[in-house]
Amino acid sequence: MKVKVISRSVDDFTRERSQDLQRVFRNYDPSLRTQEKAVEYVRALNAVKLDKIFARPFIGAMDGHIDGVSCMAKNPTQLKWIFSGAMDGDIRLWDIASRRTVCQFPGHQGAIRGLTVSTDGRMLVSCGTDCTVRLWNASADNLMELSNSTKNSVEPASVHVGKNAYLAVDHQWDSELFATAGAQVDIWNHNRSEPINSFQWGSDSVISVRFNPGEPNLLATSANDRSIMLYDLRMVSPVRKMIMMTKTNSIAWNPMEPINFTAANEDGNCYSYDARKLDEAKCVHRDHVSAVMDIDYSPTGREFVTGSYDRTVRLFYYNSGHSREIYHTKRMQRVFCVKFSGDGSYVISGSDDTNLRLWKAKASEQLGVVLPRERKKHEYHAAIKKRYMHLPEVKRIERHRHLPKPIYKAAALMRAMSDAKKRKEERRKAHSAPGSVTTQPLRRRRIIKEVE
Amino acid sequence: MRMTGDAADDDSSEEGDGRHTRMLQGITGMPSEAFEGKKKRKMKDDGIPELYPESEYNPSRDVVDGDGQISIDDLLNPLQDNPGFGKLRKRIQQIENNSKAIHAPLRTADQAKVERKAAYEISKKEVTKWQQIIQRNREAPTLLFDENIDLGFSTVGAIASEFEPRTEFERKMAALVSDDKVMEAYKKDGSRLLEMNTVSVEEEKDRQSRIAKMRSLLFRHELKAKRIKKIKSKTYHRLLKKDRLKTEYSKIQMDPEVAKEFAMKQERLRAEERMTLRHKNQNRWAKRILTRGLNSQDEGTRAAIAEQLQRHSELTRKMHSMKDSSSSSDGDDEDAGSDQDMGSKVLGKAIEKTMKVIQDDDETPKSGLLSLPFMRRGLEKNKAAAIEEANLALQEYKDSKKKLENSVGSEGPEATSISGRRVFGASKTQISDAGNKVKSDYNYGSSDSEDDLRASKNGNIETQRSNILQKDVNTDPVLIQEDTDNHQESVFKDFNEIVKNPGPKTTYEVSLFVSDTWKKAGNRDEKGTNVKKSAMPSGSVRQDRKDTEKEVEEDSDTDSEGQMVDRILTSGSKLSYELPSQEELIRQAFAGDDLEDEFEKDKMEILNAENPEPEKPVLLPGWGQWTHVQKKKGLPSWMLKEHENAWKKREEAIKKRKDAQLKNVIISEKLDKKAEKLHTKALPFPFTSKEAFEQSMRVPIGPESNPATAIGALNRPEVVKRPGVIIKPIQFEEVNPHEKPEERRGDKHRSKKNKGSGGRSMKKTSA
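Order-wise, the sequence lines are chains A and B. Per this note's numbering, the very first residue in the first sequence carries number 74; after that it's consecutive. Per this note's numbering, the very first residue in the second sequence carries number 742; after that it's consecutive.
If you're looking for bench data, these hints aren't it; they were derived computationally from the structure. Take these hints with a grain of salt, some might be off.
Said to hold, decoys possible - Just a sample of chain A residues kept apart from chain B, beta carbon distances all over 12 Å, derived:
1) Ala-134
2) Glu-339
3) Arg-501
As the list claims (entries may be wrong) - Computed list of lysine-lysine pairs in DSSO-like fashion (alpha-carbon distance at most 27 Å, straight line):
4) Lys-355(A) - Lys-1415(B)
5) Lys-459(A) - Lys-1415(B)
6) Lys-854(B) - Lys-355(A)
We put the CB at the ideal spot given by N, CA and C, even for glycine.
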């Protein structure tokens, strides 16, 4: 006679340490678990709800400036330090961890319009409407010494005076060059008092400049003539210009995709372009109801943050038409500058109300040390959320955001206007000879022309 | 090389021409006529009349055509005498032989445009090298940004090898540990370690001072204890007591003497408990709660009651292990529990002990609390009760011993191993309960303890225990028999139940089935008869079963029933069996049934359910009118209108239905609102087909339905980064576009790091 018994090996059921988890043996046969999909759907729903519950994105404000914050720069080597410049000519270095000013950089007479730090973190470059470019020694040792001593202000290492006001500055990745923008685009070297190169194309002033971090010889600028220009330092010339219907306030290159950049436009949209095909935007990122003032890419290249004149900060995926997150507080005024932190998990915004604000990049992310089991749980939740995100209930909860009334109303108004426009166009099309009325896609509609 | 004069003279004017002639004269030294003559000749050749008189003011066609231009030869001729003329001439000839036309330069703006265009092309080309990398990263299921972080040492050994003593203590320890002599001695046998361990004067002094310190500490401790003793707080002392008990318990485990003392104390407590039954729900509180019902109490009370009972059972349980004299022998007994004569042995011992207890209990304390008169009286009373109990027990022991000797030797080990209350298991009580249930007409054989059994029913638990014990010991074969009887009866009961309850039900189902196959369902009368028919044989079966008391047949009772019913039914239909054609058969089968009408009715019902008829308007008195003076003219017009509209709407809805034109079909258009939550309205963006979308959610990814090894890959997020690690921008690396992602994973420098499925590392992080 054959006797069937359950046999279990001792090894499988013995823990090495008393803290180890007891092993659980499961039968993964799907026919035994017919309700698994339903269970996961409910879990996804719960995960989305939990996300809502835990969404506490605002970490804190950094108070200290006495005028609106106009620009910021992150130190590429130091995660917790950020420089900020204000409209009254005050430059401060903040310790994000303690949310305190480490030191100040006095000297500018007018508003600071541009700040940037060299890749090694040693040199801080500032420029402003007082027609000066100042270089500061911002190496960590130097500043640490300063923060320890009683005196907490720094003398500029060098001051370059120009003819016109400077409106923007950006540093090249891994080199000694930086570019300033104003009446023209100047390329400077740390060690020279004169610009080593200047570019002028058109007579309007250039308001923003950004080097491509992946392809360091490429830089993009935007000007008051509503144009976006590309430059190549190897060719020693501007390369291409594209004119849009509205001004571009800021540009950010995708750090992981050196051919793509996103332009923050005055019309409240952001336009992602391929530098090789400027006749059409790759993606139009809508949602802001007023001019987008600044934009910065996450170092992962998968999302970017925008600050707008409508007093909100929004986070977008690099390829999505609408924002995934909106941040606002009652006291935050017009946002002039935004930055992603170097590790991609925080967002810093500087606004007209003289404050810098620190936000989490993921609103419901758990801060601090996360245990492996916890992490696995979070990952699982994220995975099922992603899986069921298209189902109406999950989608509804995930998308729901409480908006300030003015923004809600403005958004509704804009929607109504665009709907009306669309309707009108459709009617016009319906009542005219086929093919005589064509509609441009939004990706192309706002572009006037590409200038060679 | 640049073109100088020619271009400027291209559009020659009259003055220019004059100047030209003059210049020619000056250079060549010939009169102007010579040039003019040349022109004339040419003109004659052409034969074209001149519009203007030939003069230096009217440029001839030659001049316009450039025939009159200065050639290089003209310029060279006067230089013939100069040295180096030949060389110059040769060069000029060379130039003339392979000369090319050179265009005019563009305007600076246009020139810049062209340059920019070219530069754009080049930089476009430069940038395109990123295409592959970008595409690869975009297609990757996961981007990893948390790699290449130097975490330092990975193993304990590596960390330990790097250890360097820093503090003084550490240095001292290191010096000792790494001392060669010590190491050697340790490695050999350790005897030399003793030799090395010589005590110096200083060390002795140290020791003495240490001891002095300890003494002073002790003194202080005593002082503290005194102070504590003075404290009057009850809570404090309760806690203290708790602590003390704890330490005592640990002491008991360590010291046999203390253990013995403890055992004595316990013994007394237990004796007291048995006498007073203090914890057996005797007090007023417990009684009150029991009368109120235990289930209606809150959790705390129930727990308290349970605890009390627990305490009682603990105290009344017989403990051999506590008695030092018999501990070892008891253990032996238990070991040899399966022996045949075990029971008698144990019983003998028990008798011995009880006798001893009875004799020992004579002595009474002469002093202390127990010497007080009322205490003494109480004790005596208790003692009397105890003795009585002991006597009773003694008698029982004797009885059981007798039984044991009488009974057959092959007794179950369960029965023999019983030697006290402690081992009294739950299974026995069950059996006894079952025995109580069994009617008294069952014969217990030659059991003398029948009376006792009766007594146990009265509820005296103490005696019941002993009785059951005795019974277990005595009447094992009887018990077995009884057990089987009981089983038989229960089975019998079960069977009865089956016959009573599910019997008709099964037959009903069978009949339904039969009627379904052979006749149209819904013929109620026939069904009824079927039920009756089936009920009859089941009844007979029941009787049969009552008569026979064999277990073998009981399994198949329901089956046989079903067969019977079938037989009856089939025999009825078999009588008129012919071989009709299929059509005829169908017609016969459905004769008299108006299926179409029925279907119509069904369809109408469904239609009405899905598009309900509007309610008839009802007039509520006083509603829709101003005063009672107004004459009522029936329903107000708006109501009628609304009603009419509702009808129209309904009709339209019915017309619009998918099955409106289909005669034999019902297509339900009812929407399940709950199910709708689980569907998307449109196909979501990245998916191109419904199947693909559904496929994406098909397999669960949870930890319950996937092994731990697979979960990581299933749940891995799109971007894996570590907070606090700065991510640097991408750097260029060559990518083979034709390489498969799997192959890439196999790369030597990546294979270690890439654990996930197709995970891509950005390789650009720094700690």
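Verification of the hints:
1. Ala-134: holds, 21 Å
2. Glu-339: holds, 25 Å
3. Arg-501: holds, 27 Å
4. Lys-355(A) - Lys-1415(B): violated, 39 Å
5. Lys-459(A) - Lys-1415(B): Between Lys-459(A) and Lys-1415(B) the Cα gap is close to 22 Å, so the pair holds against 27 Å.
6. Lys-854(B) - Lys-355(A): holds, 26 Å
Hint violations for this structure: number 4 only, all remaining hints satisfied.
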